[in-house]
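Q: The residues making up each chain are set out below.
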Amino acid sequence: MDIPYTVTARPDTGLYNGKLGIWLFLASEVMLFGALFSSYLLLRVGAEVWPRGETILNIPMAFLNTVILISSSVTMVLAWASLKMNQFQKARWCLIGTFLLASGFLVVKFFEYSEKFAHGLAPKTNTFLAIYFTLTGLHGLHVVGGMVVMAFLFGPGAKMWRVAPERYTNRVEITGLYWHFVDLVWIFLFPVLYLL
Amino acid sequence: MTEHGSHDVGIYYKVFGALLVFTVITVAVNRVHLAIPLAVTVALIIAVTKGSLVASFFMHLISESNQIYRVLVLTAIFFFFLMFLPLLGLFSTPAGTEHRSPLTPATHATAEGHH
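Chains A and B, in that order, give the protein sequences.
Residue 1 is where the first sequence starts when you use my numbering, and the numbers rise one by one after that.
Residue 1001 is where the second sequence starts when you use my numbering, and the numbers rise one by one after that.
Note that these hints are calculated values from the structure, not bench results.
Don't take every hint at face value.
Stated by the list, open to error - Below, simulated DSSO-like cross-link-like pairs (lysine-lysine); rule was C-alpha separation at most 27 Å, straight line:
hint: 1; chain 1: A; residue 1: K90; chain 2: B; residue 2: K1014
hint: 2; chain 1: A; residue 1: K124; chain 2: A; residue 2: K109
hint: 3; chain 1: A; residue 1: K159; chain 2: A; residue 2: K90
hint: 4; chain 1: A; residue 1: K109; chain 2: A; residue 2: K159
hint: 5; chain 1: A; residue 1: K124; chain 2: B; residue 2: K1014
Unchecked claim - Reference excerpt, derived from the structure (chain B facing chain A, CB under 8 Å, subset only):
hint: 6; residue: G1010
hint: 7; residue: V1021
hint: 8; residue: A1028
hint: 9; residue: N1030
hint: 10; residue: V1032
hint: 11; residue: L1034
hint: 12; residue: P1037
hint: 13; residue: A1039
hint: 14; residue: T1041
hint: 15; residue: K1050
hint: 16; residue: V1073
The C-beta atom is built at its ideal place from N, Cα and C for all residues, glycine as well.
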């Protein structure tokens, strides 16, 4: 049985099913991260003292990661645009580039975490570090999730381009929507945790 | 094959440049060491601007179906309430769990806790 509306828009929603699905998922993700940001506010307002992130965290590393994630969003959207222009090889390289940039993000994060642990700074140390590790750890898991999907799309999943190119293009598009959301969350995490 | 002809990718590079510039501005403003309320306001304005650029152009929200706008408006309403939930703690706090404002001296806050 074929899954309906993977390419054409459903008449009542005006969208192909995957796209509506990813947006509903992203709405739930907004609430997930929103709950944690809300917890951060509650903890910060209730604390007698709250450290400025810059006194504990490494701003140059976070700045580098911001640039890496923004760049990966560009390569991701270029992958989709290339498929729209029927340039499969270019799209595949863009997906690989996005994957490598995501790996770079995690490598920088690994060094950042290692530096903290080496100085005895762990989630149990204080409330600030607890919420820092929770928020950035959850965000890091989202990066890993995106990388798994990208690896499938430029790896074994790329076969679909030959038999159902429009469906493959749509898969890249909804992966991109997810990936841009991961970028979006980092855009808020960076100032909230590191700078304020 | 999906042949849609040329696709204007120039806008993505422009947005990329703008995002980089805003990121540098965020860090530069931080070096000025503004008072916390002003620093929070400036940082959030820049973050919202960057987020809007990503959502509008990379996620194509600038030309999306009404169905998605409806989903997002509903999400925004719930998100708004979620962000203001912590404020409820200022009006109703169970005895023994009250927290002190960072601006209130500890001795006063303890005394108020018994009221």
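Q: For which of the previously enumerated hints does the structure constitute a violation, in increasing order of number?
A: Of the numbered hints given earlier, those the structure breaks are 4, 5, 6, 7, 8, 10, 11, 12, 14, 16, listed in rising order.
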